[in-house]
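Asks: Each chain, written out:
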Amino acid sequence: MPASAASVAPPRALAPARARPRTKRRRFQVTPLGLLGWLFLAFLLLFTVVPMAWMVSTSLKSEFAAIQQPPVWIPSEPSLDQYTRLLSPAGETGRQFLTYLRNSVWVSLATTVIGLVVAVPAAYAFSRFTFPGRDMLFFSVLVRNMFPAVVFLIPLFILMRRMNLYGSQWSLILTYLTFGLPLSIWLLKGFYDNIPPELERAARIDGATRFQAFRLIVLPLSAPGLVATAIYAFIQGWNEYVYARTFITDESKMTMPVGLEKFFTEYASNWPGLMAASFIMSVPVVVLFLLLQRYFVQALTEGAVKH
Amino acid sequence: MAGMSLREVYKTYDDVVAVDRVSLEVEDGEFVALVGPSGCGKTTTLNLVAGLIELTDGDILLGDRAINDLDPKDRDLAMVFQNYALYPNKNVFDNLAFPLKMRGMKKGEIDARVRKTADILSIGPLLDRKPRQLSGGQQQRVALGRALVRNPKAFLMDEPLSNLDAKLRVQMRAELKRFHQELRATVLYVTHDQMEAVTMADKIAVMSGGVLQQYGTPDEIYERPVNTFVAGFIGSPAMNLTRAAYVAADGGGFVRGSEGWEHPLSAVNAERAGRSSGEVVVGIRHSQVRIYREARPGTVAAQVYTVEPTGDLTYVHFRLGGQLLVASEDADFRAAPDDPIWVEFDQDHLHLFDATTEQALFRIGAAAANGTERAREGA
Ligand SMILES: Nc1ncnc2c1ncn2[C@@H]1O[C@H](COP(=O)(O)OP(=O)(O)OP(=O)(O)O)[C@@H](O)[C@H]1O
Ligand SMILES: [Mg+2]
Numbered sequence: 016m017p018a019s020a021a022s023v024a025p026p027r028a029l030a031p032a033r034a035r036p037r038t039k040r041r042r043f044q045v046t047p048l049g050l051l052g053w054l055f056l057a058f059l060l061l062f063t064v065v066p067m068a069w070m071v072s073t074s075l076k077s078e079f080a081a082i083q084q085p086p087v088w089i090p091s092e093p094s095l096d097q098y099t100r101l102l103s104p105a106g107e108t109g110r111q112f113l114t115y116l117r118n119s120v121w122v123s124l125a126t127t128v129i130g131l132v133v134a135v136p137a138a139y140a141f142s143r144f145t146f147p148g149r150d151m152l153f154f155s156v157l158v159r160n161m162f163p164a165v166v167f168l169i170p171l172f173i174l175m176r177r178m179n180l181y182g183s184q185w186s187l188i189l190t191y192l193t194f195g196l197p198l199s200i201w202l203l204k205g206f207y208d209n210i211p212p213e214l215e216r217a218a219r220i221d222g223a224t225r226f227q228a229f230r231l232i233v234l235p236l237s238a239p240g241l242v243a244t245a246i247y248a249f250i251q252g253w254n255e256y257v258y259a260r261t262f263i264t265d266e267s268k269m270t271m272p273v274g275l276e277k278f279f280t281e282y283a284s285n286w287p288g289l290m291a292a293s294f295i296m297s298v299p300v301v302v303l304f305l306l307l308q309r310y311f312v313q314a315l316t317e318g319a320v321k322h
Numbered sequence: 410m411a412g413m414s415l416r417e418v419y420k421t422y423d424d425v426v427a428v429d430r431v432s433l434e435v436e437d438g439e440f441v442a443l444v445g446p447s448g449c450g451k452t453t454t455l456n457l458v459a460g461l462i463e464l465t466d467g468d469i470l471l472g473d474r475a476i477n478d479l480d481p482k483d484r485d486l487a488m489v490f491q492n493y494a495l496y497p498n499k500n501v502f503d504n505l506a507f508p509l510k511m512r513g514m515k516k517g518e519i520d521a522r523v524r525k526t527a528d529i530l531s532i533g534p535l536l537d538r539k540p541r542q543l544s545g546g547q548q549q550r551v552a553l554g555r556a557l558v559r560n561p562k563a564f565l566m567d568e569p570l571s572n573l574d575a576k577l578r579v580q581m582r583a584e585l586k587r588f589h590q591e592l593r594a595t596v597l598y599v600t601h602d603q604m605e606a607v608t609m610a611d612k613i614a615v616m617s618g619g620v621l622q623q624y625g626t627p628d629e630i631y632e633r634p635v636n637t638f639v640a641g642f643i644g645s646p647a648m649n650l651t652r653a654a655y656v657a658a659d660g661g662g663f664v665r666g667s668e669g670w671e672h673p674l675s676a677v678n679a680e681r682a683g684r685s686s687g688e689v690v691v692g693i694r695h696s697q698v699r700i701y702r703e704a705r706p707g708t709v710a711a712q713v714y715t716v717e718p719t720g721d722l723t724y725v726h727f728r729l730g731g732q733l734l735v736a737s738e739d740a741d742f743r744a745a746p747d748d749p750i751w752v753e754f755d756q757d758h759l760h761l762f763d764a765t766t767e768q769a770l771f772r773i774g775a776a777a778a779n780g781t782e783r784a785r786e787g788a
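Each protein sequence line maps, in turn, to chains A and B. In this note's numbering, each number is its position in the first sequence, counted from 1, plus 15. In this note's numbering, each number is its position in the second sequence, counted from 1, plus 409.
It should be emphasised that the hints constitute simulated quantities derived from the structure, not laboratory data. From a predicted model like this one, the values you see are computed outputs, not experimental measurements. Each hint should be verified, as a subset may be incorrect.
One-sided and incomplete, this derived list gives chain A residues near chain B with beta-carbon spacing under 7 Å [stated by the list, open to error]:
1. 217
2. 222
3. 235
4. 239
5. 281
Coverage of chain B stretches by chain A, computed from C-beta distances (three or more under 8 Å per stretch; other residues unrestricted) [what the hints assert, rightly or not]:
6. 572–585
7. 646–656
Ideal placement from N, C-alpha and C gives every residue a C-beta, glycine not left out.
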């Protein structure tokens with residue numbers, strides 16, 4: 016899943032840069048090694064930010080300015096034409112684009128919601144109950160993640176055909192769940208493991224049913240884990256290309272990554288349009304991440320890693 | 410409030426027997442301490458009463474109603490946990506209010522009750538804080554408050570003071586005792602600190618290896634331990650226990666250690682020792698050992714090992730044969746290591762146990778107390 020990895024990286028690399036003014040001044044004086052660290056981070060930042068900046072810059076140019084030599088960073092006559100064209104349902108391009116957007120939102124949201132509904136009780140059960148075959152099951156949940164996703168393309172393709180889901184968006188939702196659930200369950204289990212069972216016991220003695228104890232005490236405490244899991248699942252569905260390309264043939268059902276590719280072949284010369292579409296596609300992921308990165312980091316440090 | 414009965418309570422985890430047929434009567438309004446070494450099944454017993462884990466066998470009654478199959482929420486018990494188990498995402502007010510909310514109490518009444526409880530425990534100013542913003546002692550009060558805020562049939566407490574520093578522990582011990590006396594609450598209190606048990610409880614249940622060893626008042630347990638385990642567990646410093654052979658003679662007899670030391674027995678004690686298999690364990694508390702600087706009839710020679718002045722009194726550790734024993738003397742007692750001394754065990758306070766069965770050899774006529782008898786039958 017290189018696509019998702021790439022879009023996860025920018026906000027993470029941005030984080031230290033934003034924190035810089037607040038870090039204690041001592042840090043700068045310390046050592047040449049520290050300086051080296053900062054240089055490295057700056058390099059990483061450059062590496063991730065430049066393409067994004069270039070994308071935004073191009074999306075504001077005219078078609079002609081976009082292929083101008085030598086290239087310029089700041090467009091001389093910036094315009095939002097491409098954005099209005101993509102987002103207005105009046106034109107053909109806009110209609111198409113908005114369909115892709117809607118499809119992506121639907122597939123990603125469905126993956127996220129169903130994923131949570133399944134992962135939460137599963138992780139809780141793995142964490143709290145002992146049952147025959149528990150360790151075996153938990154291990155087998157993780158086995159999926161040991162293979163690259165593409166390995167499953169053909170088997171899943173055959174499976175979807177047999178189930179008459181080929182061409183339906185449900186084939187994608189099911190596939191993304193297959194890939195997303197193991198990590199979700201693993202991440203959430205780490206969270207539940209760190210919540211002392213005495214809390215639930217106390218709640219049950221205080222008059223809660225087993226389920227109320229879970230809903231009122233455990234669930235709120237695992238909120239960071241839920242958020243992180245949700246973001247992960249959403250991004251996974253949002254960025255996925257290979258399966259979306261293989262399982263969906265009907266244009267009205269296609270998701271953004273595949274839609275973008277169509278744009279690329281159909282409007283090959285319209286770089287600003289392509290960049291504007293790319294930018295719109297990356298916005299939800301970046302915004303989600305910036306809003307919730309606090310939870311995400313907490314989830315990775317408090318939940319899974321400690322375990 | 411209500412009394413509580415445990416009848417043949419039995420719990421196994423796979424092949425581990427955690428609680429082995431424990432029977433216990435807790436009267437209404439009684440404070441019962443459950444003591445024993447780590448892993449002896451105290452917490453398991455408490456959780457069984459609370460309904461947090463399932464009985465393998467036996468019955469638990471609250472009042473005269475069997476509660477075996479009731480859900481914890483329907484048992485109407487309150488519990489204080491060792492690690493307090495405060496809800497970390499709720500502030501103190503909401504922690505105290507939670508049990509009331511769960512029982513569907515009205516907002517106004519919840520408010521009044523929480524504030525009243527907070528006042529009693531002097532945590533009124535802390536109501537808006539989250540548990541992590543409280544000191545250990547304050548957290549402990551909140552945990553207690555959450556149990557006190559409603560009127561449960563009985564309280565269960567699992568080492569509620571063990572996370573506090575020594576000074577606070579003594580203070581909270583007094584507060585807990587006072588609160589029990591004011592409310593006449595039925596309390597089942599788990600601790601591995603026998604000091605806590607002796608100072609607070611109406612009755613003490615001593616457990617070891619999942620088995621109830623003895624159940625009785627602190628005095629009974631202290632004065633008449635039924636076996637060597639209870640004798641060694643209750644009391645600080647621990648009772649001196651030393652193995653010896655019983656040798657009969659005219660007008661009594663004596664016990665002889667394997668290294669040859671001999672201590673005479675009174676006629677009564679000789680009769681007790683005579684009921685043994687021949688080998689006995691002699692038990693004597695530090696306060697019942699008398700120390701002399703010169704030989705006397707009825708004493709046995711020993712050497713000072715070390716002297717520990719504590720302020721109120723001085724502990725004298727001494728070597729008798731190969732064993733180290735301890736006696737307590739006046740605060741101004743001083744001696745150098747290896748000084749020769751002569752010790753005498755008080756015949757009226759001598760504990761004798763059969764070395765094979767480790768059971769007490771009681772004086773005939775002084776029948777064991779009720780609880781003691783029951784505990785021995787159960788064992
Ligand atoms: N969930 C469990 N699974 C298996 N064995 C258990 C479980 N809980 C407790 N035990 C075992 O049961 C025995 C009693 O445990 P318990 O927690 O009741 O001891 P305790 O007297 O409370 O000890 P401590 O003073 O250390 O708290 C121990 O041998 C323990 O290992
Ligand atoms: Mg315990």
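Asks: State for each hint whether it applies.
Replies: Here's how the hints hold up against the structure:
1. 217: holds, 4 Å
2. 222: holds, 3 Å
3. 235: It holds, given that the least Cβ distance between residue 235 of chain A and chain B is near 5 Å, below 7 Å.
4. 239: Violated, because the Cβ-Cβ distance from residue 239 of chain A to chain B comes to roughly 11 Å (cut-off 7 Å).
5. 281: violated, 52 Å
6. 572–585: violated (count 0)
7. 646–656: violated (count 0)
Taken one by one, the earlier hints fail for this structure at numbers 4, 5, 6, 7, listed in ascending order.
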